[in-house]
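Quick note, the sequences are listed as chains Y and G, same order. Using the working numbering, the first residue of the first sequence is number -17, and each one after it goes up by one. Using the working numbering, the first residue of the second sequence is number 2, and each one after it goes up by one.
Among these hints, one or two may not hold up.
[Unchecked claim] Away from chain G, derived, C-beta distances all over 10 angstroms, residues of chain Y:
hint, residue
1, 98
2, 125
3, 140
4, 170
[Claimed, not checked] Distance ranges between label pairs, derived from CB positions:
hint, chain 1, residue 1, chain 2, residue 2, range
5, Y, 235, G, 102, 20 to 26 angstroms
6, G, 229, Y, 86, 31 to 37 angstroms
7, G, 231, Y, 136, 36 to 42 angstroms
8, Y, 27, G, 103, 40 to 46 angstroms
9, Y, 28, G, 49, 29 to 35 angstroms
10, G, 306, Y, 139, 37 to 43 angstroms
11, G, 67, Y, 136, 39 to 45 angstroms
No lab work stands behind these hints, which were simulated from the structure alone. All C-beta atoms, glycine included, are put in the ideal place defined by N, C-alpha and C.
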Amino acid sequence: MPLRSAPLPRMAGHLSFMRSQTKAIGDVRSGDLAVLGIPFEDTNAPHAGQSLAPRALRETSVYFGWHANPQFSHPVDIDARQDISTDGLHERLCDLGDIAPGSEDAIHAALKAAMRQISDNGACAIFLGGSDRMSETARSALPHCQTVQLGGTPADARDFHIAPLPNGTTTPVNRDTAAQRAAFSEWRDPSKPLFVRFDLSVFETSLSALCDRPRLGGCDLATVVQWLELLGRHEVSAIMLTGLNPNRPGMGVVKVGQRLMVTALLAFIYARLGFGIDFPRRQTSKEKVLT
Amino acid sequence: MTAAITTFLPPLAQPGYRLFDGPLLDAADVRPGQIGVVGMPSDWTHSSRLGTRFGPEALRKATTVLQSMRPQGVSFDPDTGQRSATASDWLVDCGDAVITPEDVDATTEAIAAMTEALSVGGAIPLALGGDHYNSFPACLGYSRGLAKRAPNARFGYIQIDGHLDFSDRLGAWGSHNHATNARRISELPNVDVSNMVWVGITGWVDSGELALIEEQGGRVFSAGDVHKLGTAEAIRQALEHAMKGCDELYLSIDIDAMDAGYLPGTGSIVHSGITPRQYYDLLDGLAEAPLGGLDIVEVSPPLDPSERTEFLAAEMLFRILRRFRTQPVTGAVTEQ
Chain Y
-17 MPLRSAPLPR
-7 MAGHLSFMRS
3 QTKAIGDVRS
13 GDLAVLGIPF
23 EDTNAPHAGQ
33 SLAPRALRET
43 SVYFGWHANP
53 QFSHPVDIDA
63 RQDISTDGLH
73 ERLCDLGDIA
83 PGSEDAIHAA
93 LKAAMRQISD
103 NGACAIFLGG
113 SDRMSETARS
123 ALPHCQTVQL
133 GGTPADARDF
143 HIAPLPNGTT
153 TPVNRDTAAQ
163 RAAFSEWRDP
173 SKPLFVRFDL
183 SVFETSLSAL
193 CDRPRLGGCD
203 LATVVQWLEL
213 LGRHEVSAIM
223 LTGLNPNRPG
233 MGVVKVGQRL
243 MVTALLAFIY
253 ARLGFGIDFP
263 RRQTSKEKVL
273 T
Chain G
2 MTAAITTFLP
12 PLAQPGYRLF
22 DGPLLDAADV
32 RPGQIGVVGM
42 PSDWTHSSRL
52 GTRFGPEALR
62 KATTVLQSMR
72 PQGVSFDPDT
82 GQRSATASDW
92 LVDCGDAVIT
102 PEDVDATTEA
112 IAAMTEALSV
122 GGAIPLALGG
132 DHYNSFPACL
142 GYSRGLAKRA
152 PNARFGYIQI
162 DGHLDFSDRL
172 GAWGSHNHAT
182 NARRISELPN
192 VDVSNMVWVG
202 ITGWVDSGEL
212 ALIEEQGGRV
222 FSAGDVHKLG
232 TAEAIRQALE
242 HAMKGCDELY
252 LSIDIDAMDA
262 GYLPGTGSIV
272 HSGITPRQYY
282 DLLDGLAEAP
292 LGGLDIVEVS
302 PPLDPSERTE
312 FLAAEMLFRI
322 LRRFRTQPVT
332 GAVTEQ
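The shape of chain Y in the complex, shown without the other chains (with noise of 0.2 angstroms):
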């Protein structure tokens, strides 16, 4: 099935992530990458609009959705000069919609209920925050699992932490990320279940813009991008997103922040499917071309 199967508008119609299927929980298979939007922000924030982020990031993410449209051929990797093989797209990604609003209790009760069922139907989850404190409710979900955090501050100094948010506590990031990639490949326990914290202030703040934690010395996208891929290659319960604001006061056209987790967050999905470099059904380009 087509993610979609309409070239354009690409703006119109129900809006799910990267216009894939939409799906009940009970229907999401083992193998699965499950979106599911926590549309909610805490009230001390600095600012107000954490909350419009899941959608933001849909948004921003159908943009992405072009390699499915059947005007073009085969999306080539420019840099790598390889052609990417999309199928696993069209069959494995899913979106759940949204959290449904409710007291907090409910919504920390649907969060811990629904990660529990993602995973115990063999599928990651993809959450679209929202507030970092709902981070810990679906940790909770997943008993003894290890923790990758990008950016934010650090909770827990048993976690793997890139690039945290200086809290006073913590040692100095080590920027040597063949280092880090090690030390990572030594702290990582297979038989435990892997949960990841994206949060966008991983990224250095003069390319994100859109932080409500601005931070100095945060990562490149390329960077991001290098960890997120090598995350992908584990089989990982969880990665929920966090930080963006796409609502702080005069940014709300740049959208600068969720293109950068989107583009970030693709790196992570399709190496959880199987794309890149080493995908072994790979094509050249010349076996595509327009006529």
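Given the coordinates of chain Y, work out where chain G should sit on it, guided by the hints.
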């Protein structure tokens, strides 16, 4: 009393800006070798985020502001040590082409008529977009003018861009839109795809388009290639390839090749990693090229409330037009 009010016309509004604060004249008044500016305030051939119809005015304002910081005749260009030339010596702003929304043929011919008139007379058309489709009519007019001025001449083509824009058609927008401009240019009689070069392409591109370009001898330098080769070497190779057997160069500057972290005010933003410094270095590498015509497109002021996009784009013009807007120092210079 009423008569007094109606006969008194105070300057309530700022007069329109001209590019580099140059003179506003008719295309027929542009001298050979001068830059003739044509505004193309049209964005209805773009398929998503609009606002580039305000691009020409923003570029005129930004270049004027930046020009005012570099007093003409007395300031040095920091990189070359040359002094700024008076804008009226090298540039004429011919105003905007008549844009007819929803009539692509009329808009195309209106823009092309202005750039053709400039090119026939030996001037160098500089077209200000507008979305990138408008690059095609600008180049169309240049191509027609070149054919009249030098019937056997051929031109090479360099497009600095985040995207190939080489689709034959784009969904409901058909064959004439911001994704097809390079394809339409490739069909002009005095350019060959083997002399067409793209620089700064990023992300995923359509394999059919890429194959079509490369099978016909065109070259594509991705953003990654620019990082690996270095800007000077990438643009040197690009220029060499574009100018093989050609007499002049047409340059299309799509600002969206710059990483959106620096430059968000454009319709189709990309994360190329190309920094402002790298983009300027690319243009510095073309400053001495035999330019026959050029355009700069996709400046969308409404998409960047910080206004930094239009100033980044204005600086691109300062770079690419360096040999026009500066002169060797021949006498004493008084600092202001």
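Okay, the hints, checked on the actual structure:
1. Even its closest Cβ contact with chain G, about 35 angstroms, leaves residue 98 of chain Y beyond 10 angstroms, as expected for a residue assigned away from the interface.
2. With a least CB separation of 37 angstroms from chain G, residue 125 of chain Y remains clear of the 10 angstroms interface cut-off, as annotated.
3. The beta carbon of residue 140 of chain Y is kept farther than 10 angstroms from every beta carbon of chain G, the shortest such distance being approximately 32 angstroms.
4. The beta carbon of residue 170 of chain Y is kept farther than 10 angstroms from every beta carbon of chain G, the shortest such distance being approximately 28 angstroms.
5. Separated by about 22 angstroms at the C-beta atoms, residue 235 of chain Y and residue 102 of chain G satisfy the suggested range of 20 to 26 angstroms.
6. Restraint check, residue 229 of chain G to residue 86 of chain Y: a C-beta distance of roughly 51 angstroms breaks the suggested window 31 to 37 angstroms.
7. In this structure the hint that residue 231 of chain G and residue 136 of chain Y lie 36 to 42 angstroms apart at CB holds, the actual value being about 38 angstroms.
8. The given range of 40 to 46 angstroms is respected by residue 27 of chain Y and residue 103 of chain G, whose C-beta atoms sit roughly 44 angstroms from each other.
9. Our hint of 29 to 35 angstroms for residue 28 of chain Y and residue 49 of chain G holds, since their Cβ atoms are close to 30 angstroms apart.
10. One distance hint, 37 to 43 angstroms for the beta-carbon pair residue 306 of chain G and residue 139 of chain Y, holds here, with the actual separation near 40 angstroms.
11. Restraint check, residue 67 of chain G to residue 136 of chain Y: a C-beta distance of roughly 44 angstroms satisfies the suggested window 39 to 45 angstroms.
When held up to the earlier numbered hints, the structure conflicts with hint 6 and nothing else.
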